[in-house]
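Read top to bottom, the protein sequences are chains U and H. Per this note's numbering: the first sequence = residues 1 to 670. Per this note's numbering: the second sequence = residues 1001 to 1313.
The set of hints was computed from the structure by calculation and includes no laboratory data. Quick caveat: nothing in here was measured; it's all calculated off a predicted structure. Among the clues, some could well be false.
[Claimed, not checked] The calculated lysine-lysine pairs, modelled on DSSO-like cross-linking and capped at a C-alpha distance of 30 Å, are: (1) 574/U with 1080/H; (2) 648/U with 574/U; (3) 1245/H with 1257/H; (4) 1080/H with 10/U; (5) 1226/H with 20/U; (6) 1257/H with 574/U.
[Stated by the list, open to error] In silico contact screen, one side only, chain H against chain U (beta carbon under 10 Å); selected entries: (7) 1027; (8) 1031; (9) 1047; (10) 1069; (11) 1109; (12) 1118; (13) 1143; (14) 1260.
Beta carbons: idealized from backbone N, C-alpha and C, even for Gly.
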Amino acid sequence: MNYVAGILGKLNIHVFPHDKVTLGAAVSIVLGGFIAILFMTYTKRWKWLWKEWLTSVDPKKIGVMYIIVGLLMLVRGGADALMMKTQQATSVGASHGVLSATTFQQLFSAHGTIMIFFAAMGLMFGLINLVLPIQIGARDVAFPFLNLTSFWLFAAGMILINLSLGIGEFSTAGWLAYPPLSELRYSPGVGVDYWIWSLQIAGIGSLLSGINFFVTIVKMRCSGMNLMKMPMFVWSVLGSTLLIMFAFPILTVTLTLLFLDRTMGMHFFTGGFGGNPMMYVNLIWAWGHPEVYILILPAFGIYSEIVATFSRKRLFGYTSMVWAIGAITVLSFSVWLHHFFTMGAGADVNGFFGIMTMVIAIPTGVKVFNWLFTMFRGRINFSTPMYWFMGFIGLFTVGGVAGVVMSVPPADFQLHNSLFLVAHFHTMIVGGVVFGYLAGITYWFPKIFGFRLNERLGRWSFWCWFIGFLLAFIPLYILGLMGATRRLDHYSASLGWQPLFIVSGIGAGIIAIGVGIFVLQIALSIIQRKDNIDYTGDPWNGRTLEWSIPSPAPFYNFAISPIVHDRDPFWEAKRQSNKDTDEVPHYKDIVMPKNSGIAPIIGMLSVAFGFGMIWHVWWLCIAALVTIIVVIIVRSSDDHTEFIVPAKEIERIETEYAARKAQAPKRRYA
Amino acid sequence: MNKKLKIGVISILLIASVGISAWYLHHTNIAVLDPAGPIALKERNLIYFALGLSLIVVIPVFTLLGVFAFRYRETNTKSKYSPNLDHNAVAEAIWWLIPSGIILILSVVAWTSSHSLDPYKPIASDNKTINIQVVALDWKWLFIYPNDQVASINNFEIPTNTPINFEITSDAPMNSFWIPQLGGQIYAMPGMSTQLNLMATKDGIFNGSSANISGEGFSGMTFTVKASSNRDYVNWIRQLSASPKKLTVATYNQLTKPSQYNKVAHYSNVSPDLYNSIVYKYMSPSEDSTQSIDSVTTINNPKARDINGMVMP
Chain U
1 MNYVAGILGK LNIHVFPHDK VTLGAAVSIV LGGFIAILFM TYTKRWKWLW KEWLTSVDPK
61 KIGVMYIIVG LLMLVRGGAD ALMMKTQQAT SVGASHGVLS ATTFQQLFSA HGTIMIFFAA
121 MGLMFGLINL VLPIQIGARD VAFPFLNLTS FWLFAAGMIL INLSLGIGEF STAGWLAYPP
181 LSELRYSPGV GVDYWIWSLQ IAGIGSLLSG INFFVTIVKM RCSGMNLMKM PMFVWSVLGS
241 TLLIMFAFPI LTVTLTLLFL DRTMGMHFFT GGFGGNPMMY VNLIWAWGHP EVYILILPAF
301 GIYSEIVATF SRKRLFGYTS MVWAIGAITV LSFSVWLHHF FTMGAGADVN GFFGIMTMVI
361 AIPTGVKVFN WLFTMFRGRI NFSTPMYWFM GFIGLFTVGG VAGVVMSVPP ADFQLHNSLF
421 LVAHFHTMIV GGVVFGYLAG ITYWFPKIFG FRLNERLGRW SFWCWFIGFL LAFIPLYILG
481 LMGATRRLDH YSASLGWQPL FIVSGIGAGI IAIGVGIFVL QIALSIIQRK DNIDYTGDPW
541 NGRTLEWSIP SPAPFYNFAI SPIVHDRDPF WEAKRQSNKD TDEVPHYKDI VMPKNSGIAP
601 IIGMLSVAFG FGMIWHVWWL CIAALVTIIV VIIVRSSDDH TEFIVPAKEI ERIETEYAAR
661 KAQAPKRRYA
Chain H
1001 MNKKLKIGVI SILLIASVGI SAWYLHHTNI AVLDPAGPIA LKERNLIYFA LGLSLIVVIP
1061 VFTLLGVFAF RYRETNTKSK YSPNLDHNAV AEAIWWLIPS GIILILSVVA WTSSHSLDPY
1121 KPIASDNKTI NIQVVALDWK WLFIYPNDQV ASINNFEIPT NTPINFEITS DAPMNSFWIP
1181 QLGGQIYAMP GMSTQLNLMA TKDGIFNGSS ANISGEGFSG MTFTVKASSN RDYVNWIRQL
1241 SASPKKLTVA TYNQLTKPSQ YNKVAHYSNV SPDLYNSIVY KYMSPSEDST QSIDSVTTIN
1301 NPKARDINGM VMP
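Isolated chain H (complex conformation):
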């Protein structure tokens, strides 16, 4: 193949693939870059910011790589050759200091954003925060609304512009609770309770999943979140309250048995203490956590609510 033909074929291939990719990406939802709430929006902007800042280093690297490789190729005998040139204080100072400066800026951003976007931090809003308790099971998600005493498997609804406080645990191996369009994930761990504060500002049905391998049915641990008006939300809760299925201790213990690709199910009459019982059954030093829970007991310990996350090793 002669050189011109080669370049021609390669450029046609490149243009075609860029075109097809652009068309495809335009028609597919890129969840992380298409936020539907303030947390996801800020997290996306952080990604863009860090990416942009890195370009200060990336662009010179690619430029120099191309220019040096072409210019100082062996066959180009006209270029200058300095075999003993092995240091230059000014040049080296530049590439110690400029990356340091970039990292300094980014460090400040990392520190402040770690605090402002701390998943445990409540979201300020005029609307009252809704509490949702999330339990990762083998291999499905249980969403409990403790105040309304209802629960749902693999889907839930929220009103827009209302902060949601998730309390998250697992009654199975570790999972990670992730709704990309609303914001970043946090682990769901047995015997521990983590928190995540998110909010939707757009109506829509958003996909969520487990981001951490938890066994055979892991890929089926997907769920959907519907964000809509407060009226829709209230209706939905009412519908759940009227659900004939009641989440008794026996029903719950049945739910903890492994099952894959579970359908949506709704439950009424959920004990508001179910969640704590699930967390606490792993904390008892005398009881074997492999057992199912015997009964949902009200935990009077005032500290119980304060245990967020875990004891750090």
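If we strip away everything but chain U, and leave its shape as in the complex, we get:
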């Protein structure tokens, strides 16, 4: 056996990028990383970064790290989108555009994968980490160390998928890598392996997070908070985590089977040898459809919190909303086949799944009306989060109609895999999920950092997103009806599609400006933080527990565990005057989990393991796996994973906050 092959697997000198686009991206990432490293070294922040952030088990800090990664990946996925749009606007007739077909196909595969797995999931877990424990009156999650490990597995997947830019190549088989295209015969390179292993590792992180937050909600609610007193965001996360626990194992198994096909010469999904590619399509959507609801449910929760807060009114139809979430959670497992009505499964099967799909529209419609009637007879304050909410209702309704149209199987035969479909799911995911998460970041930002975001830039960002979205996706609805299919890197000039592709590209550019303004908004708000300081801990006149504690929230969240009697406990407390302020609080010692360097180590070992699997560097896989097991054993035998915060220390921190609150200017809500 060749020793080099034994040591390096499939790695060789030719794995570095050949085409200009990929090379440019790889070089800019390396340069960016280098500048960041220089900056960190120059300002001597490495120790701080490690101690305060990378090893922190505080869900608020983990949440911030998730959101930073999520926003970075939003930028990366957005850059992919811009390049695709440029190609589609220019590659017509005799011109074949600026990109090769292969690069274009890598771009749309990476765009979909990154946006769903690393941008949307990152922002989602970020927001859940930030607020969920505080909303249920808890000091931490059920399994703090596992929570940090989940983040690091997510980060490991993110690192792997971005490594594909500089070392080797990425998949060209689309974001769900349907076989037989993704099988070894048609995709012999490492692209699909990068896809498999970055999703596999990140997916396990997501599964562990799902379990963690489910247990957190079930076991760690504060005294008095029975299920029907939970904030709507908590309900939505409960639905979402249930879906994660049932759906993600399907993904893990499906990816494993595809890996076995590709690496061990098996035939689960190959065209020949009795393999069945449509089995994969069924399996991947049995995960993929619930995944859509995993993402949208927490966004629904965020909108519910926002519309009640800014309408200064109790959420309308709470019980209906809970049942609607329950119905959506259950139904989302019975509709996966609508992603392939065109497979030829027969009229009965198509009819059944078409009807199930439509049925989901009922609870979703109910939620929309309940949100609208929360505004009814309210006193609506139009701060930035409310803009996102209004934009969401508009876009989501339009996207929902497109979805209902496509749920009729014969209508879907004409719309499936066309740009109409692409426009539909972008309307739901951008208008529903992304708007919700950006609203959530704006809404809860002061709770974490102690100051609000700049309102004016927030609104500008919203208008860029909204107008850009309309310009980018209305043309796609029309193009779909014109017969344009998705994923085209070239089309005939005689079709007359180019003007619409150009408009769509301009729209994407405006969205990119919106992303830029959002990032600028955060940067400027940090610089001008003195102007927007949240002294009271309650910048929006909030309703739920998170607004009852100071901003930024202390690491232990609640000095004294709260007791709730109402769905909007803080709102009710504010209304029942301030009699409790005279009482002298009696603090007790608090037990908190210690930070852990083990989780980032597991994360980095997972990168090594995945890299070894991708490049067939087997010794690296074995070494990484063995080390992970050893490290877990070491961690499990550590009896000193917690520390005690003395009551005195808590008193000192709380007094400091009280002093700060006293300097607050006259109470003024944004």
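Given the coordinates of chain U, work out where chain H should sit on it, guided by the hints.
Showing chain H alone in chain U's frame:
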């Protein structure tokens, strides 16, 4: 900018863009909304119907959103404020029941149309159905007329008002066979044979393409269908029969090699069993499907013709 000027500029922009869009759409073919056959027509009408039915919900949502946002804005202190109003049984019953009613109607339509527009269902007509076998290759379409023993790459002709039965498979990754003006698509999958029944009622040349990503040359997998009189069709078949290129096993194996943006090509002397051989080469448990076919063998198994679609997982 003062408010009046702002509103003025925005309305001019809106009117201009609506005008330009209307002019553009008037001059461009919107294939799905411009059907040339009964299936595409019924599918288009279904789209309109579902869209219309949804408006029963959409119009109230947009109206309420606008009215509530304006009326209950913070600065309008004259509006009624009921901070504790959080449920109303009648109102909630309305928005559980009305969408349910709409979905009930649409469910019936979905069920019946799934059956009446089942792609496998033959189209009733006085004219005899023509069989066309479609093979998706890397990256071109092969159309085989088994009865006339001719074949064509990336274009084919049909007579109007005559039902066409397509049998569809792939000797490449999965593709999707779509002619928007004639009707909706169905997947082309290796080792499986799907069916699609379509008919043209108008003369014309219609565009078709693959709707599912199948690799590097995917965007070039376009084809055209010409629908015209029966005489034109017969002439065309005759022309193909006289074609000097013969689709032997060797020629076919050559065709399966990847190639992009292929020109139209015509073949004569096509074995009527070629299609089945292509489907069956993936079904053999002992043979590696990556191989090319050795010979076109007549398949005597009477079940062979009955295997439509696939074994459901």
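Hints versus structure:
1. 574/U with 1080/H: 21 Å, holds
2. 648/U with 574/U: 28 Å, holds
3. 1245/H with 1257/H: With a Cα-Cα distance of about 17 Å, the restraint between residue 1245/H and residue 1257/H holds, given a limit of 30 Å.
4. 1080/H with 10/U: 71 Å, violated
5. 1226/H with 20/U: 42 Å, violated
6. 1257/H with 574/U: With a Cα-Cα distance of about 74 Å, the restraint between residue 1257/H and residue 574/U is violated, given a limit of 30 Å.
7. 1027: Nearest chain U Cβ about 7 Å off; hint holds.
8. 1031: Interface hint status for residue 1031/H: holds (4 Å vs cutoff 10 Å).
9. 1047: At about 5 Å, which falls below the 10 Å cut-off, the nearest Cβ of chain U leaves the hint on residue 1047/H intact, so it holds.
10. 1069: 6 Å, holds
11. 1109: 7 Å, holds
12. 1118: Holds: closest Cβ of chain U sits about 4 Å from residue 1118/H, inside 10 Å.
13. 1143: Where the cut-off is 10 Å and the nearest Cβ of chain U is about 19 Å from residue 1143/H, the hint is violated.
14. 1260: Holds, because the Cβ-Cβ distance from residue 1260/H to chain U comes to roughly 8 Å (cut-off 10 Å).
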